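Chemist: Protein chains in written order, with the working numbering: chain A, 57 to 525; chain B, 9 to 450.
Honestly, I wouldn't trust all of these hints.
What the hints assert, rightly or not - Label-pair restraints from in silico Cβ distances:
id, chain 1, residue 1, chain 2, residue 2, range
1, B, LEU434, A, GLU131, 55 to 63 Å
2, A, ARG520, B, ALA59, 35 to 43 Å
3, A, ARG520, B, ASP208, 20 to 28 Å
4, A, GLN517, B, ASP208, 15 to 23 Å
5, A, ARG520, B, PRO370, 31 to 39 Å
6, A, SER234, B, ASP208, 44 to 52 Å
7, B, ASP360, A, ILE523, 30 to 38 Å
8, B, GLU269, A, GLN517, 25 to 33 Å
Unchecked claim - Every beta carbon over 10 Å from chain A, so not counted as near; a handful from chain B, in silico:
id, residue
9, SER29
10, GLN40
11, LYS44
12, ARG53
13, LEU60
14, ILE78
15, ASN104
16, ARG115
17, LEU296
18, ILE314
19, GLY347
20, SER351
21, ALA353
22, LYS401
23, MET413
24, SER416
Unchecked claim - Below, simulated SDA-like cross-link-like pairs (lysine to any residue); rule was C-alpha separation at most 20 Å, straight line:
id, chain 1, residue 1, chain 2, residue 2
25, B, LYS425, A, ALA429
26, B, LYS221, A, SER409
27, B, LYS425, A, VAL223
28, B, LYS83, A, SER438
29, B, LYS425, A, HIS257
30, B, LYS80, A, GLU95
31, B, LYS425, A, GLU217
32, B, LYS80, A, ASP94
33, B, LYS98, A, VAL223
34, B, LYS80, A, GLU328
35, B, LYS98, A, HIS187
36, B, LYS212, A, ARG412
37, B, LYS83, B, PRO71
38, B, LYS221, A, SER438
39, B, LYS317, B, LEU296
40, B, LYS401, A, ASP189
Keep in mind the hints are simulated off the structure, nothing from the lab.
Everything numeric in this text was worked out from a predicted model, so none of it was measured.
Yeah, the Cβ is synthetic: ideal placement off N, Cα and C, and Gly gets one too.
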Amino acid sequence: MTQSVVVQVGQCGNQVGCRFWDLALREHAHVNKKGIYDEALGSFFRNVDPRCEEGSGTPRIAGLRARAVLVDMEEGVLNEVRQGPLRQLFSTTQLISDVSGSGNNWAVGHHTYGSMYREQIVDQIRRAAEHCDCLQTFFLIHSMGGGTGSGLGTCVLKLLEEEFPEVCRLVTAVYPSSEDDVITSPYNSVLAMRELTEHAHCVFPIENQSLVDIVSQIQHMAHTGKPSAVIKKDCTIISGQGGMSKTQKPFDSMNNIVANLLLNITSSARFEGSLNMDLNEIAMNLVPFPRLHYLVSSLTPLYTLADVNVPTRRLDQMFTDAFSKEFQLMKADPRHSLYLSCALMLRGNVQVSDLRRNIERLRPTLSFVPWNAEGWKVSLCSVPPVGHTHSLLALANNTCVASAFTKLRDRFIKLYRKKAHLHHYMCVEGMETADFSEALHSLSALIDEYSQLHTHTHTHQAPRLNIAT
Amino acid sequence: MSVVTVQLGQCGNQIGQEMFSTIHDDSVGAGQKMYKECSEERFFRVNAAGALVARAVLVDMEPKVISRAIAKASKSGHWTYGDKAHFCQKQGSGNNWANGYCVHGPRHRDAVEDLVRREAERCDRLAGIFAIMSVAGGTGSGVGTYVTQCLRDMYPQSFILNHLTWPYATGEVIVQNYNSVLTLSRLYHLSDALVVHENDTVHKICSQLMNIKNISISDINRVIAHQLGSILQPAVTTDSAPHYCRNALGDLLSSLVCHPEYKLLSLCSIPQMSQTSLAYSAYTWPGLLKHLRQMLIANARMEEGIDWKVCVPLSGEESTANRQMCFNRSLSNLLILRGKDASSADTGGFKDASLYVPWLPPGGTFNTWNSPVPFNGYEKSATLVSNSQSLLKPLDNIVRKAWNMFASRAYIHQYTKFGISEENFLDSFAMLEQIISSYTHL
Ligand SMILES: Nc1nc2c(ncn2[C@@H]2O[C@H](COP(=O)(O)OP(=O)(O)OP(=O)(O)O)[C@@H](O)[C@H]2O)c(=O)[nH]1
Ligand SMILES: Nc1nc2c(ncn2[C@@H]2O[C@H](COP(=O)(O)OP(=O)(O)OP(=O)(O)O)[C@@H](O)[C@H]2O)c(=O)[nH]1
Ligand SMILES: [Mg+2]
Ligand SMILES: [Mg+2]
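Could you put together the complete structure from these sequences and hints?
Modeler: Structural data, given as structure tokens:
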């Protein structure tokens, strides 16, 4: 089996990352009750002898270390990690921090810290990579709105491309909502996007506003629970119950959703199933053209009813929900835009017939590009998420991202036209005036490439190849 | 004589495991010594400990599927896979035919060849090689094609039969049509014949004939295994009577593939039903064969919903009219009957010359095999292996969809990365258009 290394950068990246590690431990503890260090566990964790930090060599779990590198240019979050319940997962060298942060300035993160910490970061990543016998994927987690995650995070992305060109680079990027309190977040996001478009294999854009809305939707459901529909307390997607951290911090519920996304993306590669989907299949299936690699995701069900029997209707509802606006981790509506491709990754008690029935049911309500009218990728993993009997993760390459990106571009232009705050960026060494216009140009080009797909929807079928008979 | 089975990729390994399990249970359940011995010689060997070991080589580029197949076989308590008969790596081919064919195949050529050679050397006489794979993924299709090519070089005189699973037409791997086109175009000249199961058809059999509500991949594989078993288990042929024919693959191929341009074989079996209804059903040979014949000419892979209006055109009739009637013309058919009185059933309906192309000598187009032993719990059963136009439409759909995608150049960068160029694609398209044209003009 293959392994993945997680690189989490900045406050958001590290907070999301820690929720991921907590839930990943919980998931493996649930599946693997015998305390044996198995291949599935090995995909994200090393087994070390805690006394010497070397590989333990025993089949039993001795000490688990996350295959991760944690980077923040501020001390706060990483200090919490050092003292928190997950501290044993990381050896001190895996944590790289400075004191003052990037002050919400992409240029400081990208250029200043990028050149200062480059070597240390590469060293740590290389060390993590050496501990893998088949490193397949890097998961990079960061926000787009701040300075460290977006700036240094995308610098790390380039460095991964240079140092490990063969390894798949999947980025989980948290986009600021329109009422974000970081004023420069549109600058940071657009500057970062240019790097993501050019250097990532796939990006899973997550919008904070979507996470906020999903959390409140779930809380609403939990409180208005009808007597016939009791919601199990320990298995909603936002709950961290059963994990190591006992106290809930402000972003925890939201970050648990992102952590669940990562667990579900990787489940079919970690656990067995009758139709496996390895991580290298994501880009192969979902990315028809290299730059168009932004995948909108949705997770269903968001909560589980205490009743364990799954009537067909409720299962079908799960499929319907996966396409509805309310369940997308981005403020976008794939159902009313054009699909380039779509993956349905199922876990638990779901059969091919459920899958086929729902694809046939939903297909007429969706539009696909004409050259990929049956653009589905499906997978069946036999192990459900903790507390659920079944679940669905939908990943869509859909032109709806263009409208979300257009809004981001508008916010960028509003600031840029007034040259607001520009001097904070221009005084950073390594930053050039052209960087802003080029980043804007790159985003506009991306938006255009998505929009152009709409104009070709009515092309006729290509005339077939003639052969001499 | 023995057959070495090569299971490739997830699909190949899951179907292969199901097939050995069906074959084993059938030959033990039959309670007939000759039949059991012949089947065991064909598919199993006996190891030092006296246990049955499948004559199989398991190949995948990731470990999970193979370890489950091995575990399932061991759990049966009756047979196992060979101790060192599998080859796997850590990561799959990522649904990329080019990755399988250009990278994994050549890199692991020696290891896979060794495994097959070892297994072949354990056969007193090798009847041929049976390779099982899907066409939609990366390993079965890409590595499978490459391995078939190597085996063709290693065993130029042996029969090589490929079993291919075609994907659901409504999509399950996005690049499935590209991978299918690349696989089919190359296998066509390497393999002696391609036996095809379409997942859509088998799915329908599960839901409409077997009455399964929640159809799993295992349910689908059991139907495929049943049909494969019914052609591969011992049977008496015209030449071998009164004994079981020993060279199953050779006889199959010589009955069905009379021209190298035509080697797509489809299967249909009758009856197929759930265990519970089986207990309440009785069949006569004339009834079964009447249905089966109509399934053949109307191109229905199932006895449910056959179009009884389709009939064999009178000779000299307009060919366009035939096409409108959806008449399915054959090059050759092989009918396998199993159960009581199988040898005396009247198969005259399949001998009608107007079922076949006019340019083949009438004697060579139709063959019957039979066995008095009821197969897999069915008191009487019939399976028809057909080299006919029946796969023309699904093949045409695959090529059409792949061609549409190719026109936009979508996903092509994933293939060129591993050395498959646009010209390679064009060659494959041209090759398949040729096959489509040949079958169309039968
Ligand atoms: N979902 C989520 N968003 C967060 C979290 N922490 C911060 N954010 C968002 O991330 C953006 C700010 O980026 P941070 O990650 O805090 O910044 P940073 O990368 O640490 O960079 P500097 O603080 O500038 O050095 C804002 O849009 C916040 O709303 C978190 O834990 N979860
Ligand atoms: N009937 C049937 N089809 C299967 C089975 N497993 C996979 N498939 C089909 O095979 C295709 C996918 O190919 P796989 O065999 O999974 O791929 P692979 O050969 O392992 O290649 P990679 O995973 O890409 O390395 C799809 O069309 C699946 O529906 C099975 O057990 N039975
Ligand atoms: Mg910070
Ligand atoms: Mg596979």
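Chemist: A separate judgement is required for each hint: does it hold in the structure or not?
Modeler: Going through the hints against the structure:
no.: 1; hint: LEU434(B) / GLU131(A): 55 to 63 Å; in the structure: holds (59 Å)
no.: 2; hint: ARG520(A) / ALA59(B): 35 to 43 Å; in the structure: violated (54 Å)
no.: 3; hint: ARG520(A) / ASP208(B): 20 to 28 Å; in the structure: holds (23 Å)
no.: 4; hint: GLN517(A) / ASP208(B): 15 to 23 Å; in the structure: holds (21 Å)
no.: 5; hint: ARG520(A) / PRO370(B): 31 to 39 Å; in the structure: holds (35 Å)
no.: 6; hint: SER234(A) / ASP208(B): 44 to 52 Å; in the structure: holds (46 Å)
no.: 7; hint: ASP360(B) / ILE523(A): 30 to 38 Å; in the structure: holds (32 Å)
no.: 8; hint: GLU269(B) / GLN517(A): 25 to 33 Å; in the structure: holds (27 Å)
no.: 9; hint: SER29; in the structure: holds (15 Å)
no.: 10; hint: GLN40; in the structure: holds (34 Å)
no.: 11; hint: LYS44; in the structure: holds (31 Å)
no.: 12; hint: ARG53; in the structure: holds (28 Å)
no.: 13; hint: LEU60; in the structure: holds (25 Å)
no.: 14; hint: ILE78; in the structure: holds (12 Å)
no.: 15; hint: ASN104; in the structure: violated (5 Å)
no.: 16; hint: ARG115; in the structure: holds (14 Å)
no.: 17; hint: LEU296; in the structure: holds (28 Å)
no.: 18; hint: ILE314; in the structure: holds (23 Å)
no.: 19; hint: GLY347; in the structure: holds (30 Å)
no.: 20; hint: SER351; in the structure: holds (39 Å)
no.: 21; hint: ALA353; in the structure: holds (35 Å)
no.: 22; hint: LYS401; in the structure: holds (15 Å)
no.: 23; hint: MET413; in the structure: violated (5 Å)
no.: 24; hint: SER416; in the structure: violated (4 Å)
no.: 25; hint: LYS425(B) / ALA429(A); in the structure: violated (25 Å)
no.: 26; hint: LYS221(B) / SER409(A); in the structure: holds (8 Å)
no.: 27; hint: LYS425(B) / VAL223(A); in the structure: holds (14 Å)
no.: 28; hint: LYS83(B) / SER438(A); in the structure: holds (19 Å)
no.: 29; hint: LYS425(B) / HIS257(A); in the structure: holds (14 Å)
no.: 30; hint: LYS80(B) / GLU95(A); in the structure: holds (19 Å)
no.: 31; hint: LYS425(B) / GLU217(A); in the structure: holds (16 Å)
no.: 32; hint: LYS80(B) / ASP94(A); in the structure: holds (19 Å)
no.: 33; hint: LYS98(B) / VAL223(A); in the structure: holds (14 Å)
no.: 34; hint: LYS80(B) / GLU328(A); in the structure: holds (13 Å)
no.: 35; hint: LYS98(B) / HIS187(A); in the structure: holds (15 Å)
no.: 36; hint: LYS212(B) / ARG412(A); in the structure: holds (11 Å)
no.: 37; hint: LYS83(B) / PRO71(B); in the structure: holds (18 Å)
no.: 38; hint: LYS221(B) / SER438(A); in the structure: holds (19 Å)
no.: 39; hint: LYS317(B) / LEU296(B); in the structure: holds (18 Å)
no.: 40; hint: LYS401(B) / ASP189(A); in the structure: violated (45 Å)
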